[in-house]
Amino acid sequence: MRVLMISDVYFPRVNGVSTSIQTFGRELVAKGHQVTLITPSYGVEIPDPLDPFEIIRIPSRYLPFDPEDRIMRWGLLRGYRKRLRAQRFDLVHIHTPFVAHYAGLALARWLSIPVVESYHTFFEQYLDKYIPLIPEAWLRFAARRFSAEQCNDVDALAVPSQVMLDVLTRYGIQSPADVVPTGIDLQQFSQGDGGRFRQRWGIDAERPLLVHVGRLAFEKNCDFLLRMLVHIKAKVPEVLLVIAGDGPALKRLQRLSRRLGLKEHVLFTGYLARDGSLEDCYSAGKAFVFSSLTETQGLVLLESMALGTPVVAIAEMGTREVLRDSEGCLIARNDEVHFAQQCVRLLHEPELRAQLAARARTYARSWSAPVLAERMLDFYAGTLLRAEAAKERSAQDVADVVDAAAGLPSSIDALDPEHEPKRSPS
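Everything in the sequence shown is counted per the numbering used here, starting at 1 for the first residue and increasing by one.
Derived from the structure by calculation, the hints contain no laboratory data. Any given hint might turn out to be false.
Unchecked claim - Derived PhoX-like pairs: lysine-lysine, alpha-carbon spacing no greater than 25 Å straight-line:
no. : residue 1 : residue 2
1   : Lys235    : Lys263
2   : Lys251    : Lys233
3   : Lys251    : Lys129
4   : Lys82     : Lys129
Said to hold, decoys possible - Beta-carbon label-pair distances, calculated as ranges:
no. : residue 1 : residue 2 : range
5   : Gly79     : Asp193    : 44 to 50 Å
6   : Arg78     : Glu327    : 48 to 54 Å
7   : Pro237    : Leu76     : 52 to 58 Å
8   : Pro237    : Gly172    : 32 to 38 Å
Using N, Cα and C, we set each Cβ at its ideal position, and we do this for glycine too.
Please take these sequences and the hints and turn them into a complete structure.
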C-alpha cells in the first residue's frame, strides 16, 4: 500500500502528533508499505534514523503568536503534484486540521484517491486557553462546528480512543470512523538508566523523584501538579518533581513554582531527545505524574509504564481508556490532596511500587506499535473497499441511466398520445 501523509507538525516540533506519525510511518514501512509525509520545514532539519520514510518539507513561515509552529506555503505544494502523481498513492492521510487538512483534500481530489484523517486534538477544550477575549461558550460552539465539518470532509476518520469518538458522534459526524490508537515502540522503551539521568542533572541517588513528560501547554493542566506538589512536600520534604518538556506555559509554570516556594523542588529540563535521555528520565522516577484532562490518548503514560515506572494520573478523556487501576498505575481524583496522597503511597511503599512496576511493563505490551499498525492497515483497507464499492455503484448508476435512455421514444412525436406510427406500405 502507498500512503501519502500530510501534517502541519512534525519533528523537530515535539508533540503527540509527531510521535504518532513517526510510529505509524515506521511500522508501515517495516511491514513493506510505502509512506511519504508532507510537512513544514523548520529551517535546518537533521535526518532522524527513526524516519525510514520519505519526508517532503514544504517552505513555511512563522506564526507570530506561536513560535513553536510553522504554516506551510500552500501554493508551493503545486510544484510537487507531478512527482506525487508518479508515485501512484492509494490514499491520503491527513493528521492536522489547518493547512494540511485543506491541502490534503485538494491532493486527494487531484489524485482521485480516498482521503482519511486522524483526530488527534480535542479542540473544544483548547480554544479558550489561547483566545481569552471571546466567551468560552462561543469558542466551544465554534470548535464543535469546525470539528464536525472537517470530520465530514473526509472518507473515513481514525480516532485514538472510544471516548473521543463518542464526543465526535455527539457533534454529528457522518463519516465512517474507527478507533485506532497509536502504539509504542517496546524495544525503544525497554531500558533506561535512571542513575545516569540523576548524575547528569546533579540529583542525589536517594532523593524521592517524580517525573512528568510532555508539552507544557495551557490546556495540559500542569499547574495542578505544582499545587499538588505542595501537599506532597508536607509529607516528603525532599521530594523533587522533574518536568521534561517545553511550550507556551513554561514561564507561567516557573513563576508559579517560585510563588509556591517550590524553586528547589521542581526541575525544568526542557525537551529531552529520544536517544536515551528521555528513557533515562522516565526510569529515574519513583512515579510518573499526569494531570491532563483533555488527552485524546496519552502516549507518555504508556512509555512510562513500558519502562517500569508506575503512573499516578487523573482518568479523564483518552487517559481513561489507557489506564486500568492497579495495572501499573494508581488513578487519582481531580483533587490535589487525593492526587498527592496517591503519590505519597508510591514514595513510601516500595513493595507496592515494585508490584505496580512489574504490572506496568506487562500491561504496556498490549499497546505495541506493530499490533496497532495492523489496525491502521485494516482501517485503510476498509476505506479503500468502501471507495471501490462506491465507484462500482456509480458506474452501475450510469449504466442504468444509459439503459433507460435507450428505451425512450426516438422522437418527440412519439410522446403524443394522438400520434400513430407510420405504417410501411404493403
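Each hint tested on the structure:
At roughly 17 Å between alpha-carbon atoms, lysine 235 and lysine 263 fall within 25 Å of each other, so this suggested pair holds. For a cut-off of 25 Å, the pair hint linking lysine 251 to lysine 233 stands: about 22 Å separates their Cα positions. A distance of roughly 15 Å separates the Cα atoms of lysine 251 and lysine 129; the hinted pair therefore holds under the 25 Å criterion. At most 25 Å may separate the alpha-carbon atoms for a hinted pair to count; lysine 82 and lysine 129 exceed this at roughly 41 Å.
A hinted range of 44 to 50 Å for the beta carbons of glycine 79 and aspartate 193 is consistent with their spacing of about 46 Å. At about 50 Å, the CB distance of arginine 78 to glutamate 327 agrees with the hint of 48 to 54 Å. Distance hint check: the CB atoms of proline 237 and leucine 76 are about 57 Å apart, consistent with the given range 52 to 58 Å. For proline 237 and glycine 172, the hinted distance range of 32 to 38 Å is not satisfied, since their beta carbons lie about 53 Å from each other.
In the structure shown, a violation is registered for the earlier hints numbered 4 and 8, in ascending order.
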